[in-house]
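Fit chain G with the ligands to the supplied structure of chain S, relying on the hints for placement.
Those protein sequences? They're chains S and G, same order as listed.
Taken in order, the first sequence gives residues 185 to 897; the numbers are from our numbering.
Taken in order, the second sequence gives residues 264 to 414; the numbers are from our numbering.
To be clear, the hints were calculated from the coordinates, so they are not data collected in a lab.
Beta carbons are placed, not taken as given, at the ideal position from N, Cα and C, and that holds for glycine.
Sample of chain S residues lacking proximity to chain G, with all beta carbon distances greater than 12 Å (derived):
no.	residue
1	D236
2	G419
3	G650
4	G782
5	G829
Selected chain G positions facing chain S (in silico; Cβ < 10 Å):
no.	residue
6	P283
7	Q358
8	G360
9	S364
10	V385
11	C394
12	A400
13	I402
Listed below, chain by chain, are the residues.
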Amino acid sequence: MNVFLVDRRDFLRLGLAAGTGLVLGVRLAGAADDAAPAAVTPDVFVRIGEDDTVTVIVKHIEFGQGTFTGLPTVVAEELDCDWSRVRAVGAPADPARYANLNWGGAQGTGGSSSMNNAYTQMRRAGATARAMLVAAAARAWQVRPGEITVHRGVLRHAASGREARFGEFAAAARAEAVPKNVALKDPADFVYIGHDLPRLDIPAKSDGSAVYTQDFRLPGMLTALVAHPRRFGAGVARVDDAAARAVDGVVEVLTLPSGVAVVARDFWTARKGREALAVEWDETKACRRSSDDILDQYRTLAAQPGLVARADGDAAGALAAAATTLDADYEFPYLAHAAMEPMNAVARFENGALEMWYGVQGQSLDLGNLSRALDIAPERITLNMLYAGGSFGRRSHFASDYAVEAARIAQALPGRAVKLVWTREDDLRAGAYRPLNLHRVRGGLDTAGNVLAWHHRIVGQSIRAGLPKPPPADQVDHTCVEGASNFTYAIPHVRVESHQPTLDIPVLWWRSVGHTHTAFAVETFLDELAHAAGRDPLALRRELLTDDPRRRAVLDLAAEKAGWGEALPAGRGRGLAVHHSFKTWVAEVAEVTVADDGSFQVDRVVVAVDCGVAINPSIVRAQMQGGVGYALSALLGEAVTLVDGVAQQDNFDTYPLLRCSQMPEVEVHIVPSREHPSGVGEPAVPPLAPAVGNAIFAATGKRLRRLPFTTAA
Amino acid sequence: MARLTVNTVDHDVASSPDTPLLWVLRDELGLTGTKYACGKALCGACTVFVDGSPVRACVTPLAAVGRRPVTTIEGADSRVAEAVRRAWIELEVAQCGYCQSGQVMSAIALLEGNPNPDAAAVDRAMDGNLCRCATYARIRRAVRRAAELLA
Ligand code: FES
Ligand code: FES
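Just chain S, with the same shape it has in the complex (with noise of 0.2 Å):
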C-alpha cells in the first residue's frame, strides 16, 4: 500500500515542476512495520503513533523564530489532534521532499519563508491524515465517514455511540488510500490558528535540556578548533605543529584550506594545542582593505551612474526644475551575525559516507558544498537537523564554511566523530558580513512643498555575487536595491540605481538582507523632506501611500496607538517609519529621550505588523520584540571594522550586543487578516532604525546618517 499521492519521482513532476505546493507526504506510521519501498521511508511530515502522539516533521530549522511550533499548529489544526499530543522532529536533508516551495527545488530556511511556503502544504498534510483516519473508523464501524465528526484526537461517531482515539485507528488508517482532495476548514473554525498555544520548544529551553550542536556529544567523540588567518583569502604556507602534538590529549593536527586544525579529546586541549601551533601564513593573495578606504572608493562610485534599478518618469529632469532639492549620504557598516551560539558542527566521515549533526539551515547548498569537498555523492551525505542557538542568516552561508571544515577534518578521521567548535573569535573574524554600504539619496520637492523627484544611488557588494550560481555581474542584484526599489511612495520621478563592487571580503545575507540599510535611507530621507516641505511625516507618508492601504493600514495603527502628535516633554522626541519585507507589512513608532551630552536611549517602540493570518500571535510578538531588540543593537554599537584586512572586533567587548537595560518597552499591535500568512523572523528590523533616528531628529533637530549612532550630540 502506497500512503503517498505520489512517489518520489511523480513528486518531483507535479509538486515542484508545477510549483503547486501539492506535497501531501502524510504517512501514518503505527506499528512496527515500515518496511515501504526506500522513496516512501522516512515518513514525511506526519506521523500517528498507536499512543496518541503526533510527530509533526519540520522541514524549516528551529532557531528561535518559531517553527517548530508554527508549522505544527497548522498541521494539528486541520489533524483535529489534541495540542497536548505533538511533538516536532527536524527533517532530514532530502530536498525532494522538503523543499522550500518558494525555492524551487532547493530546502532551506531563510527570506522569513517558513510560514508562507508551508501554510497550504501543513493544512493538506493535516487534512489528509485526518480523512485517511476518518475512513478507517468508517470501514470498521461500517458507517459513512460523513458521519463521524473529529475533535482533539478523538473519532466519533454520534449515532451509535462509538469513539476511538486516534492512536486506535493509527495503523489501519495506513491501509486506506490517499485522498486526492481534502476540504481545508474554514478559517472562522479555526481552533489552534490565531491562538496563543504553548511553543514546543520552551520547556526544553528554560531548564537547560534543549540539545544544541555545541551539546550533542557522540561516543569518543574528538572536538576540532581551527586556526583561521587573520585576513580573508590567506592561507597556510607552513606550520610547525610539534608542540600542539606534544600536548597531552591532542590526537591530530590537519591543515585544511582554511587553517590548521587541532583535534583533541575536548575543547581546552585543543585550544591548548591551538595556541601551541606555529603557523606561517601565505598572505600574497590576502584581502589588504579598509573600511574607511571602501567607504571612500563607495563615495567616488557614488558620484557615477551605476546600473538601474528603476526608472519612473523622468528623475533627472524633474530634479533640475525642482524648487527645493535635498541631498543625503547614508552610511552602513559591516556587521556580524554574532549568533549566541557560535558556529559549530558534528561530523563522522565512515565507509566512504558523511553523517553530520548541526544546525543546518540550507540544506541544498550544504549538501553540494559538502558534496564537492569531499567529493562524495549527495546521496552518501546525511544531515541531521539540531536546533541552533540563532543564525540570523549566519548559518546558510554559501560555501558552507563551518560545516565543510567539519566535513574535512571528519574525512581525515575516518570512523570518528568530531565536533568542530568555533570560538567567538573564529565567528566575528570568519567574515560573511552585512556589507558595508553607501547611499546617495537626492530629492525634489516642488513651490507646493510636494514630493516630485527621488534620485537613488546605492553602493554595496551583491550578496548573491557569492551563490554557487552567481547572477550575472551586470545584472542589479535584487538584495542590493529591495526597499529601495521597490517602495511605493507616490512619487513621480523615481530613479534607484546600484553600484555593485566586487570586494575580497565576504559577505552574507544579515537578519532583513537588503531591508537592514535601504529601509533606512528611503524612510529617513522621506523624514528630510517631510522637514524640508514643513510637512508632518505621518501625513505626508499618508498622502504618498495611495495605491497600498496594507502599509497604510500599519502606518496607521502605529500612529494611532502610539499617540502621534501628541506632545512631549523637551528631550523626547517620536519618530516613525514603515516598511514592507518578506511579503509582511511593519510600521514602528520610536519615542526617545536624548540627554544634553548627546546621550539617549529609546523608551518605547510601538510596532504594528499586518502579516496576513497570524498563525500564533505570541510567537509574532516575540518576533517583533526580538527584531527590534536586534536592530537596535546594530544601531546602538555593532561593527565590524577592517584596518589593513584584519577585523578589529572579535569579542563581545568590541562588538557590542544590546543589553536588558537598553531594551525599550515594546508594544506589538497585529492587524486581523485573513491573508496568506506572511514572514515575521525579519519585518520588523528594517523600520527600526529609521524609527529611532526620525524620532532623535524630533528631539534634537540634528539628522544622524551614519550607523551605528553612537551619540546624537
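For chain G with the ligands alone, coordinates are given in the frame of chain S:
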C-alpha cells in the same frame, strides 16, 4: 584528579587545574546546560553558582573552585529556581534559547538576594547576560512574575 562537587554529587575529575569550570562541566561531566558563547566573561551564558554565588564558568579555573559546591542549571532546584523556571515557561521567554540557562541562573541569583526587585534592579542584575534574540522584554516580565509567584 581533583575532587569537584556539582549539584550535590562528588566527582573525581581528570581535567587539568587550569581548565575552566565550563569545560569540566560540559566535556568531562556531560552537563551541557551551561553554555559557551564568549569565553571571556562577556556574555553570561556560562553562569553557574559556586558556593551559592553566580560566577562565569568560562573564566573560572577548576583549581579556583576547590571544594566549594557548584550548582548548574541542571541542579538548580530551590524554591526560587522553580518559580523562575515556571515564569520563564509561562511567559515564553526563550527564542533560540541558547542564552537562557545563563539568564535563568542570573534571575535566580537576583531573586535569592532580593525577592522583590524593582525595574532598575532587574535591569542591573540581568545586564551582564546577553541575548542575541533580544528576549529582554520577556525576561523582565518573567523576573517580576517569578517574584510574584514567590510572594
Ligand atoms: S561564555 Fe562565559 S561569559 Fe560568555
Ligand atoms: S534566546 Fe537566543 S540568545 Fe537569548
